[in-house]
Amino acid sequence: MTKIWLLDIGYKPGTSEIHLWGIKDSGERILAVDRSFRQYLYTTYGDKKMAEEELRKFHNLRLEKVTGRIFGREIDLLKIFFEDGSEDVNKLANRLRRRGLQVFEDDIRLTSKYLIDRPVKPSSWHDVELSEHDNGVSEISSINFVSNEPIPELKVLSLHMVALPTKGSPNPKKDPIILMTLVDSMGVTYLEGEESKILQRFVEYVQERDPDVIAGFDSNEWMWPYIMERAKHIGVSLSVGRGGSSPHRSLYGHVSIEGRASLDLKDMVDEIPELQLESLEELAEYFGLRKIEEFTELTDPELPAAWRQNLQLVKNYSRERAEAIYHLTTQEILGYAIALSSLTGIPLDHVLTAAVGFRVEAYLMKEAHKRGEVIPPRQERRPSGYVGGYVWKPKPGLVEDVIVLDFKSMYPNIMVKYNVSPDTLIHPDEEIEDFYEAPEVGHRFRKEPPGLYKEALLRLIQYRDSIKERLKKVDQERKKILRAQEKAVKVITNAIYGYAGWVGARWYVKEVAEAAAAWGRWIVKTAAKIAEELGFEIVYGDTDSLFVKNIPEKTSLLVESIQRRTGVEIKLEKHYIRLLFTEAKKKYAGLTRDGELEIVGLEAVRGDWSRAAKKLQKEIIEVVLRELDVEKAERIWSRRTRELKEGKVPLRELIIWKKITKPLDEYAVLAPHVVAAQILRDKGFRVDVGGKIGYIVERGEGKIRDRVSPFPFVNKENVDLEYYVEHQLNPVVERILKVVSQNFAKPGSRKMGLRRFMS
1 MTKIWLLDIG YKPGTSEIHL WGIKDSGERI LAVDRSFRQY LYTTYGDKKM
51 AEEELRKFHN LRLEKVTGRI FGREIDLLKI FFEDGSEDVN KLANRLRRRG
101 LQVFEDDIRL TSKYLIDRPV KPSSWHDVEL SEHDNGVSEI SSINFVSNEP
151 IPELKVLSLH MVALPTKGSP NPKKDPIILM TLVDSMGVTY LEGEESKILQ
201 RFVEYVQERD PDVIAGFDSN EWMWPYIMER AKHIGVSLSV GRGGSSPHRS
251 LYGHVSIEGR ASLDLKDMVD EIPELQLESL EELAEYFGLR KIEEFTELTD
301 PELPAAWRQN LQLVKNYSRE RAEAIYHLTT QEILGYAIAL SSLTGIPLDH
351 VLTAAVGFRV EAYLMKEAHK RGEVIPPRQE RRPSGYVGGY VWKPKPGLVE
401 DVIVLDFKSM YPNIMVKYNV SPDTLIHPDE EIEDFYEAPE VGHRFRKEPP
451 GLYKEALLRL IQYRDSIKER LKKVDQERKK ILRAQEKAVK VITNAIYGYA
501 GWVGARWYVK EVAEAAAAWG RWIVKTAAKI AEELGFEIVY GDTDSLFVKN
551 IPEKTSLLVE SIQRRTGVEI KLEKHYIRLL FTEAKKKYAG LTRDGELEIV
601 GLEAVRGDWS RAAKKLQKEI IEVVLRELDV EKAERIWSRR TRELKEGKVP
651 LRELIIWKKI TKPLDEYAVL APHVVAAQIL RDKGFRVDVG GKIGYIVERG
701 EGKIRDRVSP FPFVNKENVD LEYYVEHQLN PVVERILKVV SQNFAKPGSR
751 KMGLRRFMS
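Numbered according to the numbering used here, the sequence shown spans residues 1 to 759.
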């Protein structure tokens, strides 16, 4: 018996032969082949003769009559195995559907089905029985999951690439790669010179160092496709896969490298709402690795001159980013990605690329298979809304001494408590005596047996609790692994409710999400009623939390009363010394008892305002909440306005960033950032859907959109400073000061103390 940690999975095209790339407990890297698996699908066979007619058109099929469950209902099915590979799966499925038969699990790729069916988890240890063949291939006769710990010592390589543009953004059809910077445990390596030599040396480097993980930033959408295109253009074989293969585009749009895990750290941006620019530099600052301003700055237009005149500047630019990628991967991201991969069953190289809904679905598919559930097909559906969580409209102004009651994992607990699941929903024409009925919407759910969502959530909750217990007993190194696992469990647990309301979900049933939301509203409203009965003042509430004025001697009673009445666990999440509410929901700022400043929904934490405006608003909030000093806030406002008018604010502080959400030609309304993007496109720059466009407003006539210039094509002398005063600085300050001062005006007016405006 051999112990193997599963790093990568693939298959031999045209067959059902599974290839598992792994690491032995001795440290040896290995390819093991499993030839025992067969691709299959399920079909109904109401008209057996008709089904048999279609099946006779295909050779080497093996049939089994089985009983499965679809959405909790038993159904007789034919399970059809393909003995000669999987190319015929789609053909047969389409034929059967044209005959009016239902078909299941034909849309699950072979490797995913293997991970669902077999006791196998990616990024985990397995006991494997191997037989060695004369050709050096290790064939699997049995494999069983053992543990997701410890993580073996993985060899990590980070990569940053620089291409020299002739016009605009680098174009892989004509612009060469001039520098590759590689970082691993041995240090930094620069590859420069003739492009063909750079690429050949890169291939040799990868083959020699044999990394398990190759990490980049924006590597799936830009770096790897660029390298692949250039290698093809100049005739270099990019054989960096462990089997000698080249990288290729795979599931979820990620780039796959055989036998290795290719990680794109840009995928982490979606995990962190606080990141606004979605850049590597911002990611590094978020994790405390390096401040944004400490990175060498170099834009595409500046690159050609820098390459000719200051080669060291270009090298520094590239090295800093390659080092950041390496340290972010090894210190912060890899452990989490491994935990997420093991939990969901999605291989390491695309678990970060997969959207949260697909991660949840991968986890649910394995759970469903254990229960004997047949996995439903993915279907195209029109979005269908439903009423979500309850949110109170706050009273604008300052409030002191506020506690926040948080319903711990409210939606997962609702789904467990009331057995809310697609397979437990009672149809209107069904007569069932024992059920839960959702308030307001009236949807009913069986009390027994436990549904798919309930069992899946209970397993996650039990896993989370076991992690918490183990955290008390292990050393710091093991704690880091366990915390990564805890984070992965939390992400999937809390995402199941969102998955229930996603129309793209295999198990989508609108009534499930609608009922969970209705129970959530009932719980929060019931909690508010209890709080008021006990004399607490409701300040604000949002979906699964309640903000109330603190009455210290009654807090424990409040928590106990709410838990007893609703049956849902609640805890004291935060204690604010002071809170500032604006006129809108989900927009507030608070100072916690620990001295931390928290800002929610305001311009200071949004990505579509200039850095100058965001910094000023944060300064104003700090002074208002910490010092209760409107006059000081006004002085700061005046000073920052004066500095802007005098040209003392760096140009980068004035850039306004906005995301491109669709192809430029599809915009009916030309907003300023769209016009800026069109200018960039016309200059030869890359403009991608999902990318951020930075622009600055210049002086001139006409609408704002007629006066924008994309960064970095801006002349500092042309900046419309009055625009920035009136439409950037003033609005962000006014939003704060107008809710705390009766005599609100612009700089120069008299201000009054804040205490009189506080409730």
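Bear in mind the hints are in silico, worked out from the structure with no lab data behind them. Hints may contain errors.
Taking lysine to aspartate or glutamate pairs in the EDC-like style, the calculated list, with each CA pair at most 20 Å apart, reads [claimed, not checked]: (1) LYS658 x ASP218; (2) LYS79 x GLU53; (3) LYS738 x GLU619; (4) LYS479 x GLU281; (5) LYS393 x GLU583; (6) LYS291 x GLU320; (7) LYS490 x GLU469; (8) LYS586 x GLU400; (9) LYS659 x GLU281; (10) LYS658 x GLU53.
This one's a predicted model, so the numbers in the text were calculated from it and none came from an experiment.
What are the numbers of the hints the structure violates, in ascending order?
4 and 10
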